[in-house]
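Asker: Residues per chain, in single letters:
Protein chains: 2
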Amino acid sequence: MEHGIFNASQLENWDQSLLRELSNKDVVHENVFDQFGAWNDTAPKKAIVEFVQRVTEHGSPNFVPEAERIATFDNDGTLWAEQPIYIQLAFALDRVKALAPQHPEWKDKEPFASLLKGDLKGALAGGEAAIFQIVTVTHSGMTTDEFEKIVQDWITTAKHPATGRPYTEMVYQPMLELLAYLRANGFKTFIVSGGGIDFMRVFAERVYGIPPEQIVGSSGKLRFLMRDSKPVLMKLPDLNFNDDKAGTPVGIQMHIGRRPIAAFGNSDGDLQMLEWAKGGSGVRFALIVHHTDAEREWAYDRTSFIGRLDKDWKTVFPFGSK
Amino acid sequence: MEHGIFNASQLENWDQSLLRELSNKDVVHENVFDQFGAWNDTAPKKAIVEFVQRVTEHGSPNFVPEAERIATFDNDGTLWAEQPIYIQLAFALDRVKALAPQHPEWKDKEPFASLLKGDLKGALAGGEAAIFQIVTVTHSGMTTDEFEKIVQDWITTAKHPATGRPYTEMVYQPMLELLAYLRANGFKTFIVSGGGIDFMRVFAERVYGIPPEQIVGSSGKLRFLMRDSKPVLMKLPDLNFNDDKAGTPVGIQMHIGRRPIAAFGNSDGDLQMLEWAKGGSGVRFALIVHHTDAEREWAYDRTSFIGRLDKDWKTVFPFGSK
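Residue numbers (my numbering), protein chains in the order written: chain A, 1 to 322; chain B, 1 to 322.
Just so you know, not all the hints are guaranteed correct.
Treat identical chains as interchangeable: a pair holds within one or across any two.
[Said to hold, decoys possible] List time: in silico BS3-like cross-link candidates among lysine-lysine, alpha-carbon distance up to 27 Å:
no.	residue 1	residue 2
1	Lys221	Lys245
2	Lys107	Lys117
3	Lys188	Lys230
4	Lys230	Lys245
5	Lys97	Lys121
6	Lys188	Lys46
7	Lys188	Lys109
Because the hints were derived from the structure by calculation, they are not lab data. Quick caveat: nothing in here was measured; it's all calculated off a predicted structure.
Chain A on its own, in the form it takes in the complex (with noise of 0.2 Å):
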């Protein structure tokens, strides 16, 4: 089990849950890769350690250069959390009613007519449907300089209904520590989730030391234009990638071109992602964050309609670690 996929049961206590409260948000990436103190000294961490010496080594016939010390992170649950509702489904449903004054015929149309009532229960009744219809209004339209702006300014002010903390501070302790962690070893670290990936970038540099040519994500499609003598792209309401499941491998390939030798998810959605990076030929880890600390964060995995983690992980890779 060394090196593989972690037991549910491995995790249980795992301190995975430590909402960071720094008082410092602004440089949360920094300073903390000699600490690693928010994880308890259980196998997840020691596994962790163990694989990093192991490919870091120089002359260990399980060295890996730099330049493919290549780790790859799920975002929604992973880094942050993703309860009660999707972070970026939260904000595109605060578009929805700053946007309504311009579109009234909202009011007779769902999923738009119940979540303006204030029934959110009732607008997501349409399922990924109504959740793509109301993703599309408020993430298209406009170019990708003004709707990093409406990011910006949402992300800055926005609370968290449970805690009334900022968005950005619902991000995982030992997650950043990782992070760190790796880089101070030599890792390049990639976000590779479903989440827009024009929204991630807005946060993910500040929050997570991730910079924007380090996001894989789903994405609309653009188009390049000259306005008013300025050329912008703008967003387009098509569909152009969906990174998710078996998207994944296909988002590492088409932005990084090479198999990650780390992976990092929390459920159904990043198996694909955690196969690609297994599969490679040395050493390889991965790793899933199972969520079970209903006190200090929340419970959730097999019937949860978000990030949900419903797999025996015994049997999911019939192949080893090579």
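Starting from the known structure of chain A, arrange chain B on it as the hints suggest.
Answerer: Same frame as chain A, but now just chain B:
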């Protein structure tokens, strides 16, 4: 004109076409940045150095943090030669010949029939559609790993028809020096090219010092699946993205998520990338390699089928560099 687009006439004296003839072809991107020696001491070199000094000087109003020092380079005709035909097209033509025994139907089907008779001109008479067909049959139907090996095998043995040199030596020494010079000054260098992303990744790190995750290019669709219990990515015969002309700013946004502050191209296909780079705020730099040296390289522009350059750069940009 400083820090702006150069007129073609300004580049007439630029020694840009010296093909490198290094005996040690495996390490070409190191130990060159302090030489900058293949450049004549004319306006382009001076402008590059002045631009770099302005954006790297701490405390200056033009200072740009390292994370935002993004420089993008076209590949064909900018970093390496594209005459007498695109190098990737030479690869595809060789692959058609290698695959012909498995495709008896090609004997009666254009553009393959002409090609297999040695009539390149006849094969390419079908224009872009013919090229697209040739590229499709030679770039799909295998896994990404298999394709990488095919390209690797070809590029280590194939020779340029005019010089008899390996294609990876058909790179422009001044541009290698420029890449290294920019990186030594905290820039992150990217390729943004109409060439195939998976094709360029095979050699770009070794030849240019640009890793796979910093390559933006055209691509076919991919499908993730399990084959013989191993995860693979199959290359499909469908176009995913055409990273040319108005596609280049889209590719930049998708992969980099930041607007370049410097961009380098050589043909009309690079125009929008240069517009996009120049359209941002602050000091920006854009440069066009104009091929004028018929003796040591090739001279071509307005009427060329490949790498056509037929714009009046004095009037292309209605906005200044701010």
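Asker: All the hints need checking, so say for each whether the structure fits it.
Answerer: To see whether the hints hold, each was checked on the structure:
1. Taking the shortest alpha-carbon separations for Lys221 and Lys245, both the intra-copy value of 20 Å and the inter-copy value of 16 Å come in at or below 27 Å.
2. Proximity of Lys107 to Lys117 under the C-alpha cut-off of 27 Å is restricted to the intra-copy arrangement: shortest distance 9 Å within a copy versus 67 Å between copies.
3. For the homomeric pair Lys188 and Lys230, the shortest alpha-carbon distance between copies (25 Å) is at most 27 Å, but the shortest distance inside one copy (35 Å) is not.
4. Taking CA atoms no more than 27 Å apart as the test, Lys230 paired with Lys245 passes between copies only; the shortest distance there is 16 Å, against 38 Å inside one copy.
5. When the C-alpha separation of Lys97 and Lys121 is checked against a cutoff of 27 Å, the pair qualifies only within one copy, where the shortest distance is 16 Å, while the shortest distance between copies is 60 Å.
6. Proximity of Lys188 to Lys46 under the C-alpha cut-off of 27 Å is restricted to the intra-copy arrangement: shortest distance 21 Å within a copy versus 34 Å between copies.
7. Taking the shortest alpha-carbon separations for Lys188 and Lys109, neither the intra-copy value of 45 Å nor the inter-copy value of 47 Å comes in at or below 27 Å.
Hint check: a violation occurs at hint 7 only; the rest are consistent with the structure.
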